[in-house]
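A.B. asks: Okay, here's what each chain looks like letter by letter:
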Amino acid sequence: MIWQDIQRIRNEVPLIHNITNYVVMNTTANALLAVGASPVMAHAVEEVEEMTGLARALVINIGTLSVPWVEAMIKAGKEAHRLKIPVVFDPVGCGATQFRTVCAQKLIQEIHPTVIRGNASEVRSLLRAGSGTKGVDSRHASHEVLDEARELSRTAGCVVSVSGEVDLIVEGDKTVRVANGHPMMSKVTGMGCTASAITGAFISVNPKALSAAAHAMALMGIAGEIAVKRSAGPGSFQLNFLDTLYSIQGSDIEEYLKMQGL
Amino acid sequence: MIWQDIQRIRNEVPLIHNITNYVVMNTTANALLAVGASPVMAHAVEEVEEMTGLARALVINIGTLSVPWVEAMIKAGKEAHRLKIPVVFDPVGCGATQFRTVCAQKLIQEIHPTVIRGNASEVRSLLRAGSGTKGVDSRHASHEVLDEARELSRTAGCVVSVSGEVDLIVEGDKTVRVANGHPMMSKVTGMGCTASAITGAFISVNPKALSAAAHAMALMGIAGEIAVKRSAGPGSFQLNFLDTLYSIQGSDIEEYLKMQGL
Amino acid sequence: MIWQDIQRIRNEVPLIHNITNYVVMNTTANALLAVGASPVMAHAVEEVEEMTGLARALVINIGTLSVPWVEAMIKAGKEAHRLKIPVVFDPVGCGATQFRTVCAQKLIQEIHPTVIRGNASEVRSLLRAGSGTKGVDSRHASHEVLDEARELSRTAGCVVSVSGEVDLIVEGDKTVRVANGHPMMSKVTGMGCTASAITGAFISVNPKALSAAAHAMALMGIAGEIAVKRSAGPGSFQLNFLDTLYSIQGSDIEEYLKMQGL
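Residue numbers (numbering that gives the first Met the number 0), protein chains in the order written: chain A, 0 to 261; chain B, 0 to 261; chain C, 0 to 261.
These are computed hints drawn from the structure, not numbers from a lab.
Just so you know, not all the hints are guaranteed correct.
A pair holds if it fits inside one copy or across any two, identical chains being indistinguishable in the list.
Straight-line C-alpha distance at most 25 Å; calculated BS3-like pairs for lysine-lysine [unchecked claim]:
#1 Lys-83 to Lys-105
#2 Lys-83 to Lys-186
#3 Lys-83 to Lys-133
#4 Lys-228 to Lys-186
#5 Lys-228 to Lys-173
#6 Lys-186 to Lys-173
#7 Lys-207 to Lys-228
#8 Lys-257 to Lys-173
#9 Lys-228 to Lys-77
#10 Lys-257 to Lys-83
#11 Lys-173 to Lys-74
#12 Lys-186 to Lys-74
#13 Lys-228 to Lys-257
#14 Lys-77 to Lys-257
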């Protein structure tokens with residue numbers, strides 16, 4: 000149940016360690032706080048393992064990657080794997096440049112993520128280089144990459160969560176579809192990164208990765224639908240989205256939820 | 000026509016590659032999305048050339064520069080020059096420290112920007128070291144540096160766009176003046192950086208650099224004037240500015256525009 | 000008087016040099032602008048001393064520290080000490096990892112801060128390693144660490160400002176208590192970092208460090224109380240907080256102030 004997960008996050012205030020990109024550090028920290036979690040951002044190789052060891056989930060995001068940061072991501076990810084702390088991996092912009100694709104593939108091999116969360120082009124590029132992500136935006140709809148998501152789920156041994164007009168959350172043969180959300184969400188930078196961070200919060204309180212990942216996408220989409228009703232554009236949407244994450248109730252979830260397959 | 004440029008941005012959703020400062024990455028990405036473009040931030044030397052090659056404009060901004068980032072800026076800028084992709088250069092804080100002035104001058108020589116966009120003190124310092132920028136704020140009015148802007152335009156072979164109470168956009172002997180804008184804009188960090196990013200969006204769809212740069216400053220100023228009417232201070236102004244960029248119409252441009260010389 | 004300090008900031012627009020973390024660079028710059036100061040962020044070792052020399056206060060914050068940034072912090076801090084420019088130090092997350100604790104202790108020894116501003120767990124960890132900060136959140140109330148704050152004030156020879164439900168601002172045996180503020184402030188990332196930046200603004204116009212640090216905490220708390228009344232959650236709170244900093248009047252200070260000991 001989504002609402003149970005949200006209540007657990009609010010009650011337990013889990014520490015979520017993020018090694019993420021410069022663009023979204025502030026906004027994803029605020030989204031984690033709004034949903035009830037406790038975010039920390041730390042990337043120095045000297046401290047990432049110790050910080051991960053304190054956390055209940057690790058979120059790794061390559062949006063503004065560089066070589067030293069990838070080293071820190073690997074160190075933190077390996078420590079999380081050793082301590083059985085769940086890891087969410089967001090391959091931002093994978094497919095746009097060879098460097099991103101190679102780093103993303105290496106990270107998946109080294110850190111064994113619990114959930115890979117990306118857009119359709121990013122997910123496709125993890126299997127087939129040169130699929131042509133447009134910067135950090137998708138060129139494909141989620142349903143076009145269902146087969147790739149399944150294959151990636153099997154080969155990487157993890158849940159694959161593909162955002163799109165309908166989100167697909169895949170674990171082996173199982174597929175959950177979430178039809179919540181609003182196009183305005185694509186007019187705010189880093190909403191995908193926020194989805195990954197929120198997935199980290201859910202997986203920190205819900206050990207069933209498929210369910211946790213789907214619940215996170217449902218909350219994102221529902222909060223987006225509610226927030227957009229109060230918004231005149233992407234500026235006011237940003238604050239209404241945070242206010243909605245903070246104040247959302249179980250009855251809102253019931254009213255808006257469009258989730259199939261769980 | 001400004002409105003034609005805006006419509007082209009909204010229809011074509013051009014990818015704009017930004018190598019910019021930590022302070023404004025989020026806000027300039029959101030401004031680019033609000034105006035209709037697709038932003039990407041990437042700075043690793045391993046990928047900047049490939050990312051620039053995908054983009055329709057490159058925006059370089061030295062607000063929080065360091066040696067490795069300047070290297071990446073040069074690589075990206077040279078690739079843009081080679082591929083005839085327009086480049087906007089924002090010499091943030093140039094004149095405040097010798098390091099900034101030297102890096103900015105070197106960048107201009109190496110990357111051949113299409114537009115240099117800065118405040119009056121920054122523009123002056125590009126010609127005369129030691130002109131004394133106050134951190135990132137200008138100590139001079141734009142009209143005080145018209146001669147320097149013209150000289151810089153000739154020597155660097157590019158358009159020079161100087162923000163101020165009246166913006167001056169200069170190409171050789173031609174001068175466009177934009178009298179739009181509001182003092183509240185100086186109470187939000189990075190509005191100059193946003194102007195540079197928006198200039199990147201305009202120049203990606205309008206190959207006439209003088210016109211594109213002037214149109215960008217006009218849109219900034221007009222959106223600022225409209226947004227401030229709905230705002231109680233610089234916090235609400237930020238979101239109203241994004242909402243206005245997103246929803247602005249041709250009739251708003253006609254009503255507010257104060258542009259001469261084009 | 001708090002109001003006199005605010006008026007001086009608004010009139011003199013002091014340049015505040017920040018070497019701070021990626022999460023809060025935008026929001027603390029905007030808070031400094033809203034209160035009337037002029038922020039600059041610069042961290043390159045090649046320019047930090049020169050930039051500090053232009054500023055009226057230096058704010059150092061280790062929220063996303065790494066070895067090269069700590070080097071720059073030390074260089075800037077020593078230059079500030081040499082030029083008698085006041086320094087505010089925020090040991091974000093100190094106590095969470097050994098790296099943070101060691102770096103924070105080293106920074107205090109090298110740069111002689113004028114004010115150390117942190118939460119209770121961070122302050123405790125500066126004296127006793129292993130006190131267990133939860134990421135960047137406190138596990139202790141401010142009143143639990145009064146003795147440590149006094150000891151730290153004596154050994155480091157500076158003012159210690161501990162945020163909490165009641166803020167404690169300590170200089171040797173003197174203790175100021177500020178009971179302003181609202182729990183919503185802990186739902187927005189970086190409000191502690193903002194408090195440190197605002198402390199920098201106050202100390203740049205008020206040479207009495209105990210009074211400047213207490214005034215800054217009082218303004219933070221009062222602006223928070225006013226802003227929360229207009230807010231539906233942490234998203235709208237952020238913008239209302241900036242609007243309040245920008246528009247606050249002497250009569251607001253008088254009406255809300257809960258400060259003892261000054």
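A.B. asks: Now tell me if each hint is right for this structure.
C.D. replies: Here is how each hint holds up against the structure:
1. In the homo-oligomer, the alpha carbons of Lys-83 and Lys-105 lie at most 25 Å apart inside one protomer (20 Å), although the nearest pairing across protomers, at 34 Å, exceeds that limit.
2. Taking identical chains as interchangeable, the C-alpha atoms of Lys-83 and Lys-186 are never at most 25 Å apart, the minima being 36 Å within one chain and 28 Å between chains.
3. Taking CA atoms no more than 25 Å apart as the test, Lys-83 paired with Lys-133 passes between copies only; the shortest distance there is 19 Å, against 34 Å inside one copy.
4. Proximity of Lys-228 and Lys-186 under a CA criterion of 25 Å is satisfied in both settings, with 15 Å inside one chain copy and 23 Å between copies.
5. Proximity of Lys-228 to Lys-173 under the C-alpha cut-off of 25 Å is found in neither arrangement, the shortest distances being 33 Å within a copy and 47 Å between copies.
6. In this assembly of identical chains, Lys-186 and Lys-173 lie within 25 Å of each other by CA distance neither inside one copy nor across copies; the values are 31 Å within and 36 Å between.
7. Proximity of Lys-207 and Lys-228 under a CA criterion of 25 Å is satisfied in neither setting, with 32 Å inside one chain copy and 39 Å between copies.
8. Taking CA atoms no more than 25 Å apart as the test, Lys-257 paired with Lys-173 passes inside one copy only; the shortest distance there is 17 Å, against 58 Å between copies.
9. Taking the closest pair of Cα atoms, Lys-228 and Lys-77 never come within 25 Å of each other, the shortest separation being 42 Å inside a single copy and 45 Å across copies.
10. When the C-alpha separation of Lys-257 and Lys-83 is checked against a cutoff of 25 Å, the pair qualifies neither within a copy, at 31 Å, nor between copies, at 47 Å.
11. With identical chains, the CA atoms of Lys-173 and Lys-74 are never at most 25 Å apart, being 31 Å at best within one copy and 45 Å at best between copies.
12. For a Cα distance limit of 25 Å, the shortest separation of Lys-186 from Lys-74 qualifies neither inside one copy, at 34 Å, nor across copies, at 30 Å.
13. In this assembly of identical chains, the alpha carbons of Lys-228 and Lys-257 lie at most 25 Å apart only when taken from the same copy (18 Å versus 34 Å across copies).
14. Taking the closest pair of Cα atoms, Lys-77 and Lys-257 never come within 25 Å of each other, the shortest separation being 36 Å inside a single copy and 49 Å across copies.
In terms of the numbered hints stated before, the structure departs from hints 2, 5, 6, 7, 9, 10, 11, 12, 14, listed from lowest to highest.
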